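Assemble the whole structure, with the sequences as input and the hints as a guide.
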Amino acid sequence: MPTRALRASFYAYPLVNATHVLSIGALLTSVVLMDLRILGFLSAQNRQPFLKLMRRVALTAFCGAVATGVPMFAIRASEYFFNPAFRLKMLLIVLAGFNLVALRVFASEPDGTPSEKGGARFFAGLSLVLWLGVLVCGRFIGFL
Amino acid sequence: MRMPSPLRPVPGLSFALVLATVFPALAHHGWSWTEDEFSEIEGTITQVYVGNPHATLDVDVEGEIWRVELAPPSQTMRAGFTEETAKPGDEVTAIGNRSLDENERRMKAVRIIVNGSTYDVYPSRVPSN
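Residue numbers (this note's numbering), protein chains in the order written: chain A, 1 to 144; chain B, 1001 to 1129.
No wet-lab data here; the hints were simulated from the structure. Predicted model only: the values in this text are computed from it and were never measured. From the three backbone atoms N, C-alpha and C, an ideal C-beta is built for every residue, glycine too. One thing to keep in mind: the hints can contain errors.
Said to hold, decoys possible - Simulated pairs of lysine to any residue, SDA-like, Cα-Cα distance not exceeding 25 Å:
#1 A:Lys-117 / A:Arg-104
#2 B:Lys-1087 / A:Arg-4
#3 B:Lys-1087 / A:Ala-8
#4 B:Lys-1087 / A:Thr-3
#5 A:Lys-52 / A:Phe-106
#6 B:Lys-1087 / B:Val-1126
#7 B:Lys-1087 / A:Phe-10
#8 B:Lys-1087 / A:Ile-75
#9 B:Lys-1087 / A:Leu-6
#10 B:Lys-1087 / A:Pro-2
#11 A:Lys-117 / A:Pro-49
#12 B:Lys-1087 / A:Lys-52
#13 B:Lys-1087 / A:Arg-104
#14 B:Lys-1087 / A:Phe-81
#15 B:Lys-1087 / A:Glu-79
Unchecked claim - Computed Cβ-Cβ distance ranges for the label pairs, DEER-style:
#16 A:Val-94 / B:His-1029: 20 to 30 Å
#17 B:Asn-1103 / A:Pro-14: 24 to 34 Å
#18 A:Lys-52 / B:Pro-1053: 33 to 43 Å
#19 A:Ala-74 / B:Pro-1127: 18 to 28 Å
#20 A:Ala-5 / B:Gly-1116: 30 to 40 Å
#21 A:Ala-102 / B:Glu-1102: 21 to 31 Å
#22 B:Val-1061 / A:Val-101: 47 to 57 Å
#23 A:Thr-19 / B:Ile-1113: 32 to 42 Å
#24 B:Thr-1046 / A:Val-94: 31 to 41 Å
#25 A:Leu-39 / B:Ile-1113: 56 to 66 Å
#26 A:Phe-50 / B:Asp-1036: 45 to 55 Å
#27 B:Thr-1044 / A:Ala-102: 47 to 57 Å
#28 A:Arg-56 / B:Thr-1046: 46 to 56 Å
Claimed, not checked - Selected chain B positions facing chain A (Cβ under 7 Å, derived; list incomplete):
#29 His-1029
#30 Gly-1051
#31 Asn-1052
#32 Ser-1074
In structure tokens:
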């Protein structure tokens, strides 16, 4: 949808916004469950298929969040660009990305599954903190 | 024997919820961040925005730029105010509730007067004369 239409719309903006919230809800849920499993909780869940499923949900949800977030940002880009909560949110997303790469490179099996050693737990703990930070920063954008 | 582990409460999530509830008054959403009393500012418009999530005016009041928040775009346009209604350089009077933070130059307007016309963007909140 063109930025101009979204900008003045009555229905589209709240619907895009709701989809963004839905995506973030799914993303946070899958990331938290994935990290908890790596940390050793939820041990009733078969590790590899569970992590694989959660990763797939998380990636899909992240794409949904980007697809709905970019148009809302574009409506008033210069305004949001200077919003401290928005900037911190973007920084935390980048850090979460690096964290994911680090988990993959330094603490995963050749098939991509996070290892059961301490290193993977460290990155999983960091991931929890970073993504919860993203959630809170996102909520604060409208309040600064 | 391995016990099935129930989903335990997540400390981080609880912390986030607590954070979200202990900072109630920062919002430009709603009116919680504004004074109850009405005030009035007059100045020169420097920027007009009528769009989501809500419309705003930037107003130069004796050299200080105020952010005047209006209603969401549909409600602002219903009041008769569009982006064509005013332009930078126009004089404006805004009546509304200013931020509780005295250092913050921000107001949520219920009524604005531009070029001799009055626009009630929050008609139900306009103080009775």
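Hint by hint, here is what the structure shows:
Distance check on the hinted pair: Lys-117 of chain A and Arg-104 of chain A sit about 13 Å apart at the alpha-carbon level, within 25 Å; holds. About 19 Å separates the Cα atoms of Lys-1087 of chain B and Arg-4 of chain A, which keeps this hinted pair within 25 Å; it holds. Proximity of Lys-1087 of chain B to Ala-8 of chain A is assessed by CA-CA distance (about 18 Å); at most 25 Å being required, the pair is judged to hold. Distance check on the hinted pair: Lys-1087 of chain B and Thr-3 of chain A sit about 21 Å apart at the alpha-carbon level, within 25 Å; holds.
Taking the CA atoms of Lys-52 of chain A and Phe-106 of chain A, the gap is near 18 Å; set against the 25 Å cutoff, the hint holds. Of the supplied pair hints, the one linking Lys-1087 of chain B and Val-1126 of chain B holds, its CA atoms being roughly 24 Å apart against a limit of 25 Å. Proximity of Lys-1087 of chain B to Phe-10 of chain A is assessed by CA-CA distance (about 23 Å); at most 25 Å being required, the pair is judged to hold. Note on Lys-1087 of chain B and Ile-75 of chain A: the hinted pairing holds, with a Cα-Cα distance of about 19 Å set against a maximum of 25 Å.
A hinted pair counts as satisfied when its Cα atoms are at most 25 Å apart, and Lys-1087 of chain B with Leu-6 of chain A qualifies at roughly 22 Å. A threshold of 25 Å between alpha carbons decides the hint, and for Lys-1087 of chain B with Pro-2 of chain A the separation of about 24 Å falls inside it, so the pair holds. Taken as a hint, the Lys-117 of chain A and Pro-49 of chain A pair is honoured in the structure, with Cα atoms around 18 Å apart against an allowance of 25 Å. The hinted pair formed by Lys-1087 of chain B and Lys-52 of chain A fails the criterion: a straight-line CA distance of about 55 Å is larger than 25 Å.
Among the hinted pairs, Lys-1087 of chain B with Arg-104 of chain A is inconsistent with the structure: their alpha-carbon atoms are about 53 Å apart, more than 25 Å. For the hint linking Lys-1087 of chain B to Phe-81 of chain A, the alpha-carbon distance of about 24 Å falls within 25 Å, and the restraint holds. Distance restraint check for Lys-1087 of chain B and Glu-79 of chain A: the Cα-Cα separation of roughly 19 Å lies within the 25 Å cut-off, and the hinted pair is therefore satisfied. Between Val-94 of chain A and His-1029 of chain B the Cβ separation comes to about 27 Å, which falls inside the hinted range of 20 to 30 Å.
Asn-1103 of chain B and Pro-14 of chain A have their C-beta atoms about 32 Å apart, which keeps the hinted 24 to 34 Å range intact. At about 38 Å, the beta-carbon gap between Lys-52 of chain A and Pro-1053 of chain B stays in the expected band of 33 to 43 Å. Checked against the given bound of 18 to 28 Å, the beta carbons of Ala-74 of chain A and Pro-1127 of chain B, roughly 37 Å apart, lie outside it. Checked against the hint of 30 to 40 Å, the C-beta distance between Ala-5 of chain A and Gly-1116 of chain B comes to roughly 32 Å, which is consistent with it.
Distance hint check for Ala-102 of chain A and Glu-1102 of chain B: the Cβ-Cβ separation is about 46 Å, which falls outside the suggested range of 21 to 31 Å. Distance hint for Val-1061 of chain B and Val-101 of chain A: a CB-CB separation of about 49 Å, consistent with the stated range 47 to 57 Å. Hint check: Thr-19 of chain A to Ile-1113 of chain B, Cβ distance near 38 Å, so the stated range 32 to 42 Å holds. The beta-carbon spacing between Thr-1046 of chain B and Val-94 of chain A, approximately 33 Å, falls within the hinted interval of 31 to 41 Å.
A C-beta distance of roughly 60 Å is found between Leu-39 of chain A and Ile-1113 of chain B, which places it inside the suggested range of 56 to 66 Å. Between Phe-50 of chain A and Asp-1036 of chain B the CB atoms are about 52 Å apart, so this pair conforms to the stated range of 45 to 55 Å. The hinted range of 47 to 57 Å is satisfied by Thr-1044 of chain B and Ala-102 of chain A, whose Cβ atoms lie roughly 52 Å apart. As the Cβ distance of Arg-56 of chain A to Thr-1046 of chain B is approximately 49 Å, the hint placing it in 46 to 56 Å holds.
Here the hint on His-1029 of chain B is kept, as its CB sits about 6 Å from the closest CB of chain A, short of 7 Å. A hinted interface residue such as Gly-1051 of chain B counts as satisfied when its beta carbon comes closer than 7 Å to some beta carbon of chain A; here the least separation is about 4 Å, so the hint holds. Restraint check, Asn-1052 of chain B versus chain A: the minimum CB separation of about 4 Å is within 7 Å; hint holds. For the restraint placing Ser-1074 of chain B at the interface with chain A, the shortest Cβ-Cβ distance is roughly 5 Å, inside the 7 Å limit, so the hint holds.
In this structure, the earlier hints numbered 12, 13, 19 and 21 are contradicted, and the remaining ones agree with it.
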